[in-house]
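S.K.: Okay, here's what each chain looks like letter by letter:
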Amino acid sequence: MKKILVIDDETIIRLSCERTLIPEGYEVKSALGGKEGLEMLEKEPFTLVLLDLKMPDMDGIEVLKKIKDTWPENKVIMITGYSTVETAVKALKLGAWNYIEKPFTPDALLEAVKEAIG
Amino acid sequence: MKNIFLHPEKSLTAKLIIAVGLLIVVGSFVFWYALLHKQEKDLVGIAVRYGGSFIDFVKKSTRYSMLNFHRAAIQQTLEDMSIAEGVSRVRIFDHNGRVFFSSQKTEVNSQVDKKSIACKGCHLEPDKSSKLLLNPQEWTIYKARDGYRVLKIIDPIPNEPSCYTAECHIHSSKQKILGFVEADLTLELLDKAQFRQGLALTGYVAIFILAISASLGIILYKLVSKPVSHLVYGMEKVAAGNLDHFIPIKSFDEIGVLTNSFNSMIKDIKAARQQQERFTQTLEAEVAKKTEEIQKTQAGLIQTEKLASLGRMAAGVAHEINNPLTGIVTFAHLMLKRVPPDSEDAEDLKVIIEQSERCAKIIKNLLTFARAIPSEKGKVPVNELLSRTINMVRNQEKFYNIKFDINLDPKNFVALGETSQFQQIFLNMLINAADAMNERGTVTIATRKITVDNKPFVEIEFTDTGSGIPDELQTRLFEPFFTTKPVGKGTGLGLSVSHGIVRHYGGQILVKSTVGKGTSFFVRLHLLEEQVV
Ligand SMILES: Nc1ncnc2c1ncn2[C@@H]1O[C@H](COP(=O)(O)OP(=O)(O)OP(=O)(O)O)[C@@H](O)[C@H]1O
Ligand SMILES: [Mg+2]
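So the protein lines, in turn, are chains A and B. Letter by letter, the first sequence follows residues 3 to 120 in my numbering. Letter by letter, the second sequence follows residues 3 to 535 in my numbering.
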């Protein structure tokens with residue numbers, strides 16, 4: 003079973019992801035922030051990380067760098083607010099697989115996840 | 003004219019007349035004196051000559067009686083002679099001054115004053131014979147008691163053989179001068195004539211002075227006072243502010259020249275004042291214009307600032323709202339999957355999803371607006387940015403049926419500004435064009451270099467074949483939240499934000515539109531460089 007880690011400080015975002023993806027047969031775990039997310043990644047492997055760009059404890063870009071440094075094969079999809087072209091490009095350059103814009107629909111999320119890990 | 007009499011010190015004419023009068027008086031006096039002096043000399047000379055011949059006559063008349071010693075006859079002769087007009091006295095005295103005969107009988111045997119000319123005419127000191135004058139004075143003039151002058155002539159009676167050989171033996175042969183004949187001849191007539199002459203001359207001079215003064219006064223009044231008073235009157239008028247006063251020129255002398263230059267001076271002053279007034283007026287207009295411009299700019303700045311803070315606030319709020327909105331959308335979708343399709347619940351859920359998506363769109367636009375806040379000044383490669391932006395939209399559904407007519411100047415224009423901000427402006431222009439053409443038509447994009455107020459600008463033209471904008475709406479285009487698009491499609495911030503950005507970098511946006519034919523927007527940006535490719 004493909005394991006997905008959602009790193010977002012917003013409960014509703016985590017919940018939305020879980021409720022969208024679990025029925026589709028994914029195992030979804032959540033972390034409340036960047037640090038917690040990295041800790042969980044060290045404990046167990048995940049196929050995909052959904053990473054919020056803006057969090058209070060750690061910048062999403064920083065977390066992305068760490069993940070890509072430690073687990074280069076790990077795919078990451080960024081969750082952004084209304085993104086500027088620049089931040090999106092920056093994230094992609096740093097190794098992010100893709101990005102989705104908030105607010106997203108379940109279909110959009112599912113589409114992006116499927117495109118990444120099938 | 004009054005001044006001549008009341009205040010001679012204030013009247014040029016009076017001063018001139020006084021000066022000329024004084025000159026004439028002094029001149030006449032000198033002339034008069036010289037004339038009288040010469041005349042006197044001549045007249046006295048004549049009188050002396052007549053006196054001399056009179057004495058000769060006395061000598062001759064008495065000679066016979068002298069030689070025969072007829073004293074009484076001599077005395078009688080002298081008395082008779084003094085009756086003649088002009089003869090005051092005739093007498094004969096000897097070298098010692100003793101009077102022997104006189105027309106005034108009482109004087110006989112008296113002594114003449116040795117200090118008088120009777121002796122002093124020849125001697126400095128009559129008691130000493132040695133001192134004789136080289137030029138003996140034989141006559142003198144003195145004033146008689148009646149005020150008229152008297153000519154006194156003394157003539158020596160020289161010794162001669164017939165005298166000392168005469169029978170009476172009174173004179174010795176040693177004596178050189180026996181005595182003197184003295185005649186006092188009155189000059190009354192001469193004095194009277196001279197006085198009359200002087201009187202007449204003074205009279206003439208007085209009349210002359212009067213006549214000269216009068217004619218001089220009239221001439222000066224005509225030639226000087228009147229034109230000068232015209233000038234003075236004119237100057238007073240000018241001083242009082244009347245610049246339309248013109249002094250007629252009546253002569254071609256210095257005063258005419260002065261009047262002429264005065265007139266032209268007034269003309270110049272008038273022209274200068276008019277120019278100054280015009281200048282003041284234009285200055286006022288200029289100041290008013292500039293004030294208005296400044297107020298407009300200020301209003302614009304306040305507006306931009308207001309929008310900027312509004313944008314910052316909106317951005318913060320929008321970011322936060324995105325999270326709950328994601329939840330709403332997600333859960334509405336999840337529910338939608340659970341309820342039977344085409345049920346009332348399904349329809350209701352669709353409304354929730356639609357409205358959430360509308361919220362999302364509004365937030366997206368608000369964030370676009372927030373990002374439009376002018377930041378650092380920099381360089382924007384206009385052609386490159388335009389090409390990139392066009393390529394970006396080309397791949398979007400909205401632009402599938404739109405033909406792009408691209409006429410970029412071959413030169414690479416570099417404008418003052420910020421790339422991401424300008425990209426937003428260009429994007430909005432293209433989206434507006436697409437909307438106006440119902441996503442079907444031609445968009446022309448062109449760049450060119452222009453000059454405004456001597457400064458180089460790059461002008462970017464966006465022309466569409468859309469609906470056009472009615473005149474009454476053209477002024478409102480740049481107002482924030484002005485939109486004609488259906489609710490949810492446009493927020494009316496695009497042009498207002500674009501305008502703010504362009505203005506921030508000293509540029510401007512112009513519109514030209516014909517309803518039914520299309521619209522052209524011209525974005526003018528400060529040109530920094532133009533690179534020839
Ligand atoms: N090319 C055009 N042709 C006709 N009308 C135009 C054109 N461009 C702008 N407009 C008019 O000006 C209005 C304001 O445009 P603006 O770009 O400021 O806002 P918007 O496009 O309505 O909304 P937003 O850009 O914020 O999504 C538009 O609603 C439209 O009526
Ligand atoms: Mg617009």
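Calculated from the structure, these hints are not laboratory results. Even for Gly, the Cβ is constructed at its ideal location relative to N, Cα and C. There could be a bad hint or two in this list.
The calculated DSSO-like cross-link candidates involving lysine-lysine, where the alpha carbons are at most 27 Å apart (straight line), are [said to hold, decoys possible]:
| no. | chain 1 | residue 1 | chain 2 | residue 2 |
| --- | --- | --- | --- | --- |
| 1 | B | Lys366 | A | Lys5 |
| 2 | A | Lys56 | B | Lys339 |
| 3 | A | Lys92 | A | Lys37 |
So these bits of chain A aren't anywhere near chain B, every CB distance computed over 12 Å [stated by the list, open to error]:
| no. | residue |
| --- | --- |
| 4 | Cys19 |
| 5 | Asp61 |
| 6 | Lys70 |
| 7 | Thr82 |
| 8 | Pro105 |
| 9 | Phe106 |
| 10 | Thr107 |
| 11 | Asp109 |
S.K.: Over 12 Å to the closest beta carbon of chain B is the bar; see if Thr82 of chain A clears it.
M.R.: With a cut-off of 12 Å, Thr82 of chain A comes too close to chain B, as the shortest Cβ separation is near 9 Å.
S.K.: Sort out whether Lys339 of chain B lies within 27 Å of Lys56 of chain A, counting only the CA atoms.
M.R.: violated, 31 Å
S.K.: Checking the smallest CB distance to chain B, is Pro105 of chain A really beyond 12 Å?
M.R.: Given that some Cβ of chain B is not farther than 12 Å from that of Pro105 of chain A, nearest at about 4 Å, it is violated.
S.K.: Against chain B, does Lys70 of chain A hold up as non-interface, every C-beta pair farther apart than 12 Å?
M.R.: Since the minimum Cβ distance to chain B is about 25 Å, Lys70 of chain A lies beyond 12 Å and the statement holds.
S.K.: Could you let me know if the closest chain B CB is still more than 12 Å away from the CB of Cys19 of chain A?
M.R.: The claim breaks: Cys19 of chain A does not keep its Cβ more than 12 Å from every Cβ of chain B (closest is about 8 Å).
S.K.: Is the nearest CB of chain B more than 12 Å from the CB of Thr107 of chain A?
M.R.: violated, 5 Å
S.K.: Sort out whether Lys37 of chain A lies within 27 Å of Lys92 of chain A, counting only the CA atoms.
M.R.: holds, 21 Å
S.K.: Mind verifying the non-interface call on Asp61 of chain A? Its CB should be farther than 12 Å from each CB in chain B.
M.R.: holds, 15 Å
S.K.: Holds or violated: Lys366 of chain B with Lys5 of chain A, Cα cutoff 27 Å?
M.R.: violated, 32 Å
S.K.: Verify that the Cβ of Phe106 of chain A lies farther than 12 Å from every Cβ atom of chain B, and report whether the claim holds or is violated.
M.R.: violated, 6 Å
S.K.: Checking a non-interface call: every C-beta of chain B should be farther than 12 Å from the C-beta of Asp109 of chain A. Is that right?
M.R.: Asp109 of chain A is in fact no farther than 12 Å from some Cβ atom of chain B, at 7 Å.
Checked against the numbered hints given earlier, this structure breaks hints 1, 2, 4, 7, 8, 9, 10, 11; the rest are met.
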